[in-house]
Amino acid sequence: MSFCAPRGRTSMDDSEIRDLVTGWAEAVHAGDLPRVLADHRDDIVMFDVPPPHVGVRGIDAYAQTWPPFFQWQRGGASFEIVELDVTAGEDVAFVWALLNCGTPEALAATPGRYLRLTLGLTREDGRWVVAHEHHSFADVS
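Heads up: the sequence shown begins at 1 in this note's numbering, then just goes up one per residue.
Hints listed in this document are in silico derivations from the structure and should not be mistaken for laboratory results. Glycine is no exception: its CB is placed at the ideal position from the N, C-alpha and C atoms. Be aware that a few hints might be false.
For each label pair, taking beta carbons as the anchor points, the in silico distance ranges come out as [to be verified]:
#, residue 1, residue 2, range
1, Gln64, Ser11, 17 to 25 Å
2, Asp32, Asp85, 22 to 30 Å
3, Met12, Ala109, 25 to 33 Å
4, Pro50, Gly120, 32 to 40 Å
5, Val54, Met12, 33 to 41 Å
6, Ala61, Glu26, 17 to 25 Å
7, Glu26, Phe94, 30 to 38 Å
8, Met12, Ala138, 30 to 38 Å
9, Asp91, Ala38, 15 to 23 Å
10, Asp32, Val54, 25 to 33 Å
11, Glu105, Val54, 29 to 37 Å
Could you put together the complete structure from these sequences and hints?
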């Protein structure tokens, strides 16, 4: 996994957020739903690749999106961060990342087609939590 070079010196917040995101991606790949949900707000909003395209709102709706993905992934698909960038303020941060997400066949057929991830985070009670999550693929036809 490679990361973008930090802008200036890397802050403790940047490191905490990178750890949060990489831990989340590892949990997704492992199919570990409690860890996937752990650092998300109860009122999370997520826009995802599969429907509903108006997004899901709330931790319960967010949790329901993951079991079908875990099942698909058990067929040998990858979910690996290849690039990650963090911009953190005092109480708000955002992250963008590119991930290899697909079966070996799909990744071989469309090299360079990455899952794009954008996260909006807030600091609550001294820790970072995800308030907004967006996944998308570019059309590379």
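Practice prompt. Please test the hint of 15 to 23 Å on the beta carbon pair from Asp91 and Ala38.
Written response: Cβ of Asp91 to Cβ of Ala38: about 20 Å, so the range 15 to 23 Å holds.
Worksheet item: Quick one: are Glu26 and Phe94 within 30 to 38 Å, going by C-beta?
Response: violated, 21 Å
Practice prompt. For Asp32 and Asp85, compare the CB-CB distance with the range 22 to 30 Å and indicate the outcome.
Written response: holds, 25 Å
Item to complete: Take a look at whether the Cβ-Cβ distance between Ala61 and Glu26 falls inside 17 to 25 Å.
Response: Given range 17 to 25 Å: holds, Cβ gap about 23 Å.
Worksheet item: Do Met12 and Ala109 keep their Cβ atoms within the hinted range of 25 to 33 Å?
Response: Violated: the Cβ-Cβ distance is about 41 Å, outside 25 to 33 Å.
Practice prompt. Hint says 29 to 37 Å; check whether the CB-CB distance for Glu105 and Val54 agrees.
Written response: holds, 31 Å
Discussion item. Taking the Cβ atom of Asp32 and the Cβ atom of Val54, is their distance within the range 25 to 33 Å?
Written reply: Holds: the Cβ-Cβ distance is about 27 Å, inside 25 to 33 Å.
Worksheet entry | Hint check for Ser11 and Gln64 - Cβ pair distance inside 17 to 25 Å | violated, 35 Å
Practice prompt. Look at the Cβ atoms of Pro50 and Gly120 and judge whether their distance stays inside 32 to 40 Å.
Written response: violated, 21 Å
Practice prompt. Take a look at whether the Cβ-Cβ distance between Val54 and Met12 falls inside 33 to 41 Å.
Written response: holds, 36 Å
Fill in: Verdict for Met12, Ala138 (Cβ pair) under range 30 to 38 Å
Since Met12 and Ala138 have Cβ atoms about 33 Å apart, the given range 30 to 38 Å holds.
Checked against the numbered hints given earlier, the structure breaks hints 1, 3, 4 and 7 and satisfies all the rest.
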